[in-house]
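**Q** Residues per chain, in single letters:
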Amino acid sequence: MLEAYPDNKLARILLWSFCAIVMAFLILPTLVVVPLSFSASNLLEFPPRAYSLRWYETFFGSATWMAGLRTSLILGTLTAVVAVPLGLLACISMNRLGGKAAVTIQGILLAPSIVPGILLAIGLFFVLAAQRLVGTLFGVLVGHVVLAIPVACIVLLPALARFDWNQVQAARSLGANWARAIGGIIVPQLRISLLSATLMAFLTSLDESVISIFVASGQNSTLPKLMFLSLRDQIDPTIAAISTLWTAIVVVVVLIVTLRQKS
Amino acid sequence: MTVAVDPALAADARRERRFFLSLSLPALFIVGLAAILPIVWIIRQSFLSTGGEYTVGNYEKVLSSGLTWSALVTTLELSLGTLAACILLGTPLALALASARPRVANLLMAFVMLPLWTSILVRTYGWLVLLRREGLVNAALTGSGLTAEPLPLVYNFTGTLIGMVHYMLPLFLLPVYAAMRDIDANLVRASASMGATLGQVIRTVILPLSAGGIFSGSIIVFIYTIGFFITPAVLGGGKVNPLSIRIERTLSTFQDWGSASVLGILLLILMALIGVMFLAARRLIAGHQVGTAHA
Amino acid sequence: MKSLPITIDSVRKAYGCYVALDDVSLDVCAGEFLTLLGPSGSGKTTLLMALAGFVRPDSGRLVLGDRDITRLAPNKRDIGIVFQNYALFPHMNVLANVEYPLMLRKTPKAEARQRALDTLARVKLEGLAERNIAALSGGQRQRVALARAIVFEPRVMLMDEPLSALDRNLRETMQYEIRRLHDDLGITTIYVTHDQREALTMSDRVAVMNSGRIQQLDTPQRIYDRPSTRFVAEFMGEANIVAPGAVRRIDGANASREALMIRAESFHLDAKLVGRDGVALEGTLRAKAFRGENWLLTLALDGGQEILVCIPSALAGGCSELAAGHRLTVYASAAKVHAIPRVTA
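Residue numbers (the working numbering), protein chains in the order written: chain U, 5 to 267; chain R, 532 to 826; chain E, 83 to 427.
Hints were generated in silico from the structure; no laboratory data involved.
Only a predicted model underlies this, so the values are computations on that prediction, with no experimental measurement involved.
Heads up, some of the hints might be wrong.
No more than 25 angstroms apart at the CA atoms, straight line, and that leaves these computed lysine to aspartate or glutamate pairs for DMTMM-like [to be verified]:
#1 158/E - 168/U
#2 104/U - 543/R
#3 158/E - 665/R
#4 206/E - 254/E
#5 158/E - 543/R
#6 84/E - 254/E
Restraint-style ranges between C-beta atoms, simulated for each label pair [said to hold, decoys possible]:
#7 604/R - 64/U: 40 to 46 angstroms
#8 550/R - 150/E: 21 to 27 angstroms
#9 673/R - 31/U: 22 to 28 angstroms
#10 108/U - 810/R: 17 to 23 angstroms
#11 604/R - 223/U: 52 to 58 angstroms
#12 31/U - 592/R: 27 to 33 angstroms
#13 262/U - 611/R: 31 to 37 angstroms
Note that the Cβ used here is the ideal one computed from N, Cα and C, for glycine as well.
Sequences are here, hints too, so could you generate the full structure?
**A** Below you can see the structure in the form of structure tokens.
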């Protein structure tokens with residue numbers, strides 16, 4: 005865009021140096037945790053004087069942390085399993101209805117992503133408390149699903165818009181009912197978008213902390229909740245190990261998804 | 532123009548629409564159950580006393596408390612501070628990315644978006660480590676002689692602000708970058724051919740045309756930040772108490788469901804007010820847009 | 083397998099103020115190949131989609147054989163449809179695509195496979211059963227779409243401009259193939275196209291549509307030689323519709339009082355080739371073009387109107403010496419002169 009000004013070298017250098025600084029700012033916190041996780045001491049010194057895997061051992065050896073991990077993984081899977089099919093059906097519905105109906109449905113389904121998490125958290129807490137469901141897996145699951153549905157829709161709506169609806173008509177003309185048309189024609193062709201939506205729903209649940217803090221408790225505490233409690237109390241280097249593992253997994257997953265999309 | 536429609540066929544059309552509508556119902560039900568119902572419950576709870584009767588006592592208590600108003604002020608300070616930082620940092624960044632070659636820009640954008648994928652707790656922890664008295668930033672500052680003593684950069688307002696800016700910057704960047712990318716390169720060339728300097732072109736062409744994106748980014752920053760909980764909780768050290776923290780404290784420490792709900796309503800009202808203000812501002816700006824050539 | 087006649091009775095479809103089908107009625111005989119011909123927006127595709135069940139009419143009836151299918155769901159109508167973009171399932175190979183309707187009808191696997199392979203042979207695609215859809219050429223995809231639409235032996239076939247994406251040579255081959263397939267199977271077929279040549283080549287009857295109405299329903303010959311409206315005349319080819327005053331009968335009798343249509347290829351340069359009841363038109367040559375098999379002359383009649391005259395090269399002796407500005411008389415026999423009724427339908 006600025007090729008019309010090739011001679012403003014000083015401005016260019018300033019701009020790009022500024023960018024480098026800002027980008028370092030963005031990436032630094034995530035990066036700095038990695039070497040720390042391998043530090044032998046618990047003093048959070050940087051750079052670490054000696055290296056060891058003790059914090060990883062602590063993490064995998066602790067019953068509490070492992071319970072948290074298990075809970076988070078189960079919740080993540082359940083969230084994806086529930087949110088993605090519901091999201092797909094809703095997106096098909098919006099695609100076919102069009103007009104005001106679609107806009108209204110979209111508004112309602114995307115609302116949870118705009119409402120402050122703290123409000124959803126305490127509101128859900130009140131609702132569940134009335135039913136004595138606070139602290140149950142079900143309570144947290146419902147909270148996570150309601151956050152994952154908008155995420156799934158954001159991925160699936162454009163994918164459906166690109167889809168060749170003629171094929172559904174062809175399938176219907178050949179005798180398929182709606183269940184077969186959706187299951188046998190739409191779903192296989194939306195494979196990649198469905199995979200993206202599933203991963204995003206899984207990550208949304210895995211990363212979710214605010215609702216978990218209020219609604220999950222005891223045995224059903226999620227990993228983020230445990231991390232939060234630990235962060236508030238003291239700075240445990242075990243968290244560095246968890247953070248590094250987390251970042252590594254997310255980077256790998258995002259790479260896989262991006263590479264599959266390119267092919 | 533009246534067309535006679537066969538009622539049976541019209542009924543079939545309605546039935547088909549109902550079928551498609553029903554596909555949304557499960558998702559709508561869950562959102563209703565886990566998002567709409569909780570909000571309604573909060574409203575209801577705000578009018579309930581501990582004894583279970585309907586009262587406005589909670590409102591009296593909360594609205595007359597100085598803590599409430601200082602929490603409101605803190606919330607606004609954090610949001611406005613984050614917004615200012617995002618605009619100052621994000622606009623030049625968007626400009627740089629938008630003027631880069633497409634492949635480079637895509638790569639850099641992916642890089643910028645990467646923090647979004649990492650857990651907020653991971654990032655907050657990273658800032659704790661960096662901003663501590665013995666942390667990396669202070670080490671660099673005292674080591675290079677820029678400051679004599681380590682600065683208190685965390686467990687206070689500054690640390691919270693840094694954490695929030697770090698979270699929101701990529702989200703602010705997206706619409707601004709999109710708006711700048713959409714600017715027709717020929718407009719800049721035309722300005723140059725008419726004699727504009729780089730500074731003038733940025734001021735009179737690029738920024739005005741990106742205003743829509745900056746506006747959208749600002750709405751996003753504001754709406755998200757007034758509800759922020761994790762960042763002030765971890766990086767604020769108990770000294771930074773926006774509305775969200777007050778809500779949590781009222782609920783967990785004092786078990787005061789009524790007051791917590793009132794504070795929640797306040798948060799909702801604040802959000803609605805901001806939304807309305809932005810919509811009004813957008814309408815004003817759009818009306819003003821057919822503007823002047825000199826800036 | 084006996085195929086079914088189709089009755090379309092007073093079908094109306096409007097989208098807001100826009101009337102797509104204006105009280106359309108049509109009877110298609112069992113086993114007939116009928117083409118709906120018209121420009122875009124004429125309603126031909128809308129009518130086809132109404133028969134298929136994807137467009138719900140506002141009023142009217144659609145009857146297949148003796149069954150009223152107006153309110154029947156599209157997946158229960160048992161009609162074979164070939165879509166304009168083929169709508170093949172990209173996540174299945176050729177064989178799976180063709181077996182699909184049989185699979186839905188719970189045909190035993192072995193039988194379904196055999197029938198699919200036989201149908202592929204019928205459309206001359208044997209050996210391609212395991213191929214992926216993406217690896218096929220346009221013509222091959224066309225045939226797969228055909229095979230998939232006939233494998234379950236429907237009583238009626240609908241085709242929505244199936245050849246529009248193919249190049250000219252392939253199109254002509256496929257026109258022949260589709261017609262041959264129709265004749266072999268004897269299925270009642272409704273074919274939609276905007277190409278008048280295609281309609282003339284393939285059909286038993288043609289329904290010319292415009293603005294949601296059928297302007298004329300007739301055999302290709304009569305549509306071409308005896309168009310009932312100006313629109314039909316001009317849509318079918320260069321119509322040369324002239325005012326009655328520009329035409330002189332050779333034997334001197336009174337000319338008609340209505341507008342006359344004389345197709346460009348009906349003209350002769352030699353008066354001896356037309357009968358005494360033929361007509362003559364005089365004018366000045368504006369332009370001429372040699373097109374290999376014929377000459378195309380643009381003649382400005384004395385009344386001011388321009389007509390196109392097409393003379394086969396074999397009979398065009400002397401054309402090369404003609405120059406712009408030359409006076410010229412052209413002749414046509416009475417049979418080739420057609421009066422267009424004043425009031426259009």
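**Q** Compare the structure with each hint and give your call.
**A** Hints, verified against the model:
1. 158/E - 168/U: With Cα atoms ~22 angstroms apart, residue 158/E and residue 168/U stay inside 25 angstroms; holds.
2. 104/U - 543/R: Answer holds: residue 104/U to residue 543/R is near 20 angstroms, not above 25 angstroms.
3. 158/E - 665/R: Distance ~75 angstroms between residue 158/E and residue 665/R Cα, so the pair is violated.
4. 206/E - 254/E: holds (16 angstroms)
5. 158/E - 543/R: holds (15 angstroms)
6. 84/E - 254/E: violated (28 angstroms)
7. 604/R - 64/U: 40 to 46 angstroms: Since the Cβ atoms of residue 604/R and residue 64/U sit about 45 angstroms apart, the hinted range of 40 to 46 angstroms holds.
8. 550/R - 150/E: 21 to 27 angstroms: holds (22 angstroms)
9. 673/R - 31/U: 22 to 28 angstroms: holds (24 angstroms)
10. 108/U - 810/R: 17 to 23 angstroms: Given range 17 to 23 angstroms: holds, Cβ gap about 18 angstroms.
11. 604/R - 223/U: 52 to 58 angstroms: violated (40 angstroms)
12. 31/U - 592/R: 27 to 33 angstroms: violated (45 angstroms)
13. 262/U - 611/R: 31 to 37 angstroms: holds (36 angstroms)
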